[in-house]
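Q: Sequence:
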Amino acid sequence: MTEAHANAIFKFHQKLKIINTPLVCWDIFSIQQMEYNEFSSVQKTWKEKEDYFKENDVLIVTNTRFEIVYASKNMHEMNGYYPKDVLGKSPKMFQGPLTSAKALDNIRIAVKNQLPFKEIVTNYKKDGSLYECEIKAVPKFDAKGNLVSYIAFERLAS
Numbered sequence: 001m002t003e004a005h006a007n008a009i010f011k012f013h014q015k016l017k018i019i020n021t022p023l024v025c026w027d028i029f030s031i032q033q034m035e036y037n038e039f040s041s042v043q044k045t046w047k048e049k050e051d052y053f054k055e056n057d058v059l060i061v062t063n064t065r066f067e068i069v070y071a072s073k074n075m076h077e078m079n080g081y082y083p084k085d086v087l088g089k090s091p092k093m094f095q096g097p098l099t100s101a102k103a104l105d106n107i108r109i110a111v112k113n114q115l116p117f118k119e120i121v122t123n124y125k126k127d128g129s130l131y132e133c134e135i136k137a138v139p140k141f142d143a144k145g146n147l148v149s150y151i152a153f154e155r156l157a158s
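Be aware that the sequence shown starts at 1, since it is given in our numbering, and climbs by one per residue.
Incorrect hints may appear among the rest.
[Said to hold, decoys possible] Subject to a maximum C-alpha distance of 25 Å in a straight line, what follows is the list of computed DMTMM-like cross-link-like pairs (lysine to aspartate or glutamate):
#1 73 - 132
#2 136 - 105
#3 92 - 134
#4 73 - 105
[Said to hold, decoys possible] Distance windows between CB atoms, simulated:
#5 157 - 114: 18 to 26 Å
#6 15 - 85: 47 to 55 Å
#7 8 - 44: 58 to 66 Å
#8 142 - 101: 31 to 39 Å
#9 5 - 82: 56 to 64 Å
#10 88 - 146: 15 to 23 Å
#11 56 - 5: 48 to 56 Å
#12 11 - 44: 25 to 33 Å
#13 104 - 146: 23 to 31 Å
#14 97 - 38: 29 to 37 Å
#15 136 - 15: 53 to 61 Å
#16 77 - 12: 44 to 52 Å
#17 158 - 114: 27 to 35 Å
#18 65 - 44: 25 to 33 Å
Hints were generated in silico from the structure; no laboratory data involved. Ideal Cβ positions, reconstructed from N, Cα and C, are used throughout, including at glycine.
Make a model of the complete structure from these sequences and hints.
A: What follows is the structure, given as structure tokens:
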């Protein structure tokens, strides 16, 4: 490289308006990876594992006692609860006086028979307001055929 060429490059770089900014976008990837790792650990006993993060739905996983063991972070956008607010609790916490008894009966029957179900229920947000929630739930079994979890895909009903 000639001295004239080096000087031209130097002058060009001096004219640029370069602002140093932190790489905050890496946080997005690490948060997604942490959530994916959490979910992967929940499904480690499942016979069939899938990448449910292709969905935009809220994911809720319960154990066989129907206590929430996993909730996706996007839950907050739907109902105001953070995952830490619901872990260890029953999904019944979202129900109230206006939740349809018929829909709850349908869910109870499906759960008792270890079958998938799809229902629209009136749920309650953290602030007490109502929302219509479409729930598609699937039982998950281990390699021996024992029920180990239910995974629910939830979204606002349209």
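Q: Now tell me, hint by hint, if it's right for this structure.
A: Evaluated hints:
no., hint, in the structure
1, 73 - 132, "19 Å, holds"
2, 136 - 105, "15 Å, holds"
3, 92 - 134, "15 Å, holds"
4, 73 - 105, "28 Å, violated"
5, 157 - 114: 18 to 26 Å, "25 Å, holds"
6, 15 - 85: 47 to 55 Å, "53 Å, holds"
7, 8 - 44: 58 to 66 Å, "59 Å, holds"
8, 142 - 101: 31 to 39 Å, "33 Å, holds"
9, 5 - 82: 56 to 64 Å, "57 Å, holds"
10, 88 - 146: 15 to 23 Å, "22 Å, holds"
11, 56 - 5: 48 to 56 Å, "52 Å, holds"
12, 11 - 44: 25 to 33 Å, "59 Å, violated"
13, 104 - 146: 23 to 31 Å, "25 Å, holds"
14, 97 - 38: 29 to 37 Å, "33 Å, holds"
15, 136 - 15: 53 to 61 Å, "57 Å, holds"
16, 77 - 12: 44 to 52 Å, "46 Å, holds"
17, 158 - 114: 27 to 35 Å, "29 Å, holds"
18, 65 - 44: 25 to 33 Å, "18 Å, violated"
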